[in-house]
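This is what each chain is made of:
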Amino acid sequence: MSTDTYATPETEWKLPSPRKVGITLVILTESSLFTIFVVAYLFYLGKSLNPPYPREVLEFPWLGSFFLFSSSATVVVAEQRLKKGDRGGFHLWWLITILLGAGFLVYTGSEWYHLIYHDGLTLSTNLFGSTFYSLVGLHASHVVVGLVLLSLILVASLTGNIQHRHHEHIEMISWYWHFVDGIWAVVVTVVYIIGMQS
Amino acid sequence: MANSTDTLKEIGTELAPAPPGHEHGTLTAWIQDLIFTVDHKKLGFMYIGMGWLFFIAGGILASLIRLQLAVPNNHVLDPEAFNGAFTMHGTAMIFFFAMAMVFGLANYVVPLQIGARDMAFPRLNAFSFWTTFFGGCFLFTSYVAGPGLYGTGAAPDASWFALAPLTSRAFSPGNNIDYWSLGLLISGVGTITGGVNVMVTIFCYRCKGMTLYRMPLFTWMVLVTMFLVVMFFPPLSAAQIMLVLERFFGAKFFEAQAGGSPVLWQHFFWIFGHPEVYILVLPAFGVISEVIPVFSRKPIFGYPMMVAASVMIGFISAGVWAHHMFTIGMDSFSVTFFAFATFVIAIPTGIKIFNWLGTMYGGKLRMEIPMLFCIAFLFQFLIAGLTGIMLGCAPFDWQLNDSYFVIAHFHYVIVGGIVFGVFAGFYYWFPKATGRLLNTRLGLWHFWVFTIGFHLTFDPQHFLGILGMPRRIYTYQEGRGWEFLNMLSTIGAIIQGIGAIIFIINMIWSARKGKIAGDDPWDAWTLEWTTTSPPPEYNFEEIPEVRSRRPLWDLKHPEDPDWKFE
Chain A
86 MSTDTYATPE
96 TEWKLPSPRK
106 VGITLVILTE
116 SSLFTIFVVA
126 YLFYLGKSLN
136 PPYPREVLEF
146 PWLGSFFLFS
156 SSATVVVAEQ
166 RLKKGDRGGF
176 HLWWLITILL
186 GAGFLVYTGS
196 EWYHLIYHDG
206 LTLSTNLFGS
216 TFYSLVGLHA
226 SHVVVGLVLL
236 SLILVASLTG
246 NIQHRHHEHI
256 EMISWYWHFV
266 DGIWAVVVTV
276 VYIIGMQS
Chain B
419 MANSTDTLKE
429 IGTELAPAPP
439 GHEHGTLTAW
449 IQDLIFTVDH
459 KKLGFMYIGM
469 GWLFFIAGGI
479 LASLIRLQLA
489 VPNNHVLDPE
499 AFNGAFTMHG
509 TAMIFFFAMA
519 MVFGLANYVV
529 PLQIGARDMA
539 FPRLNAFSFW
549 TTFFGGCFLF
559 TSYVAGPGLY
569 GTGAAPDASW
579 FALAPLTSRA
589 FSPGNNIDYW
599 SLGLLISGVG
609 TITGGVNVMV
619 TIFCYRCKGM
629 TLYRMPLFTW
639 MVLVTMFLVV
649 MFFPPLSAAQ
659 IMLVLERFFG
669 AKFFEAQAGG
679 SPVLWQHFFW
689 IFGHPEVYIL
699 VLPAFGVISE
709 VIPVFSRKPI
719 FGYPMMVAAS
729 VMIGFISAGV
739 WAHHMFTIGM
749 DSFSVTFFAF
759 ATFVIAIPTG
769 IKIFNWLGTM
779 YGGKLRMEIP
789 MLFCIAFLFQ
799 FLIAGLTGIM
809 LGCAPFDWQL
819 NDSYFVIAHF
829 HYVIVGGIVF
839 GVFAGFYYWF
849 PKATGRLLNT
859 RLGLWHFWVF
869 TIGFHLTFDP
879 QHFLGILGMP
889 RRIYTYQEGR
899 GWEFLNMLST
909 IGAIIQGIGA
919 IIFIINMIWS
929 ARKGKIAGDD
939 PWDAWTLEWT
949 TTSPPPEYNF
959 EEIPEVRSRR
969 PLWDLKHPED
979 PDWKFE
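One line per chain: the protein sequences are A and B, in this order.
Residues in the first sequence are numbered consecutively from 86, following our numbering.
Residues in the second sequence are numbered consecutively from 419, following our numbering.
These are computed hints drawn from the structure, not numbers from a lab.
Heads up, the beta-carbon is just placed ideally off N, CA and C, and yes, glycines get one too.
There could be a bad hint or two in this list.
[As the list claims (entries may be wrong)] Some chain B residues near chain A, calculated using beta-carbon distances under 10 angstroms:
hint : residue
1    : A538
2    : R541
3    : E664
4    : Q895
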């Protein structure tokens with residue numbers, strides 16, 4: 086048997102895309118960061134010594150969740166449009182994604198306003214306040230970063246700097262956006278569905 | 419071949435003409451080059467230079483600690499200064515010396531070993547370096563900040579793992595702890611981005627034919643290390659964020675009066691803290707796995723097992739953290755679990771030690787300086803591992819936790835293991851990076867003085883711990899039987915310091931006047947030795963193609979190449 090052919094790679098030498106590996110690792114490391122805050126929230130659930138408690142003040146974030154989850158769908162539509170070369174459609178759906186993300190932030194802002202000024206819950210009120218604002222705030226800060234990325238792409242595209250060959254760059258940003266959505270699913274489960282029991 | 423080098427050089431100068439006043443060779447040009455560079459080799463150099471800088475700073479602090487403890491009732495340092503000294507010593511050595519060395523070696527060597535021209539994201543690489551560096555500088559400005567140069571400044575003083583509730587505003591007023599938490603938060607960003615960068619480089623920029631199964635072991639272990647960085651540095655950052663929120667905004671995470679749990683801080687810190695040990699030691703393992711085969715003239719024994727053992731260490735290290743916390747009063751199930759996991763992680767480490775011995779067995783050993791450091795490493799790391807297993811026995815740990823036995827154990831790991839590994843790697847790759855060999859005579863002096871100093875410092879500390887001397891005390895009374903051993907330890911620290919100075923002299927002298935090394939001074943087998951020393955900015959004129967684990971062996975021995983047997 087000729088060992089020569091065995092040692093030489095017959096197929097083309099293919100390595101994974103650095104962008105995809107990079108963003109996957111960013112998502113991994115961010116998940117690890119979130120895990121600690123989620124653990125802190127769960128660990129301190131029901132251990133606050135003074136009110137307000139979650140079941141008294143939290144309301145299920147129907148509107149915010151609707152905004153964020155649907156933005157995950159619109160970003161996919163925008164991506165498809167770009168792949169098909171429909172730049173107008175891309176801009177439209179991309180803009181809708183940005184508006185939905187911004188809507189989510191507005192919802193969170195109003196929720197926090199209500200909690201702070203009506204229910205008197207701040208970061209320093211009790212364990213619930215500390216863990217709630219740090220976890221939800223960390224997620225919201227990721228939404229802000231995502232919105233900055235999305236807006237930059239929109240501006241770059243409107244000025245003609247995004248071409249069809251950039252579809253992988255765009256895809257990476259949508260991966261990040263899906264990740265932010267995925268984290269929201271975890272936050273909703275932990276903070277609202279489980280948290281509102283106590 | 420010479421022609422193509424010239425052409426490439428010409429192209430390089432054409433692309434980047436020096437602006438007036440910044441011609442090559444002037445100090446401004448040099449500094450400008452350091453600030454703007456995105457070259458993985460220069461950044462690797464800068465990481466290593468930063469590492470030695472903090473090594474000196476941490477070493478001076480260590481000497482002060484040892485001087486204070488040399489005799490009973492000593493007054494070299496007052497208690498506050500002593501607390502600052504051991505906190506800053508630990509933090510500097512772990513985060514700004516050892517981590518900088520890990521990233522420096524990884525930066526310099528990995529792209530060369532896998533046949534790449536640079537890291538995956540060169541600008542991100544520069545960002546990682548500068549954030550890490552500024553994090554360290556920020557930490558050390560604490561000495562001149564706050565109350566100022568009088569007294570002790572505002573140096574962090576709650577030990578390198580800063581247990582709650584000592585770190586809360588009530589018990590640590592002033593800004594000491596803030597320097598610590600913010601400094602580590604800043605440098606943590608650099609570390610995590612660096613980890614992502616190295617991993618992407620390894621996954622996506624290997625040269626043709628370099629399958630994962632043919633990767634040099636140093637690169638493999640760096641890969642596992644960076645996975646640990648990516649997974650376990652964020653818990654540290656998260657804990658620091660909580661600490662910052664608590665200290666600046668009155669959040670309640672670790673405050674017992676509000677129902678919080680100071681123990682949670684310990685969990686969060688050690689979830690990071692234990693993998694951190696492996697983050698530091700795995701690259702040292704990698705160096706040893708490169709040096710021992712080359713200086714035994716045999717391929718590494720049991721390559722697949724070495725890779726498997728590294729990956730196993732990576733995974734198991736995630737589940738042993740609470741063995742740092744046996745004395746906090748965990749339930750017996752947790753104690754048993756973490757003690758058991760600690761014993762299990764000794765298995766892959768043992769496999770490695772056997773494989774290194776198996777490589778040396780029957781080999782034609784060349785006792786050059788890198789090999790000497792490796793052999794010392796084997797002995798010292800074995801002892802470090804054995805005391806580690808002793809401390810992993812929960813009942814034994816209840817007796818000796820927070821004593822000098824623990825100090826001796828982890829200094830055996832970090833100095834006897836990691837620092838010796840770093841020295842081996844430094845002597846091994848220095849000729850590649852500078853084109854000159856480190857001086858052998860000075861190297862021998864460095865090796866023997868440092869090794870003797872190391873043993874004199876840390877061997878007695880095992881006995882001090884068993885005799886009941888607790889860690890972090892700034893002085894002790896006479897008549898407890900600790901005087902002689904403490905004096906011995908201090909003398910050892912001074913000898914170690916002399917060894918380190920010899921090394922620094924050697925480094926500076928050899929970089930200018932050392933013997934010219936040539937491309938391949940050690941007759942080695944991996945790709946970094948195929949290019950010139952120092953390598954050109956583009957590393958390889960032609961991206962190499964690899965057909966076995968020892969590509970340079972194949973080139974040198976076309977009649978008997980490795981790939982016939984793989």
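- Can you name, in rising order, the numbers of the hints this structure does not satisfy? Of the numbered hints, 2 and 4 do not hold.
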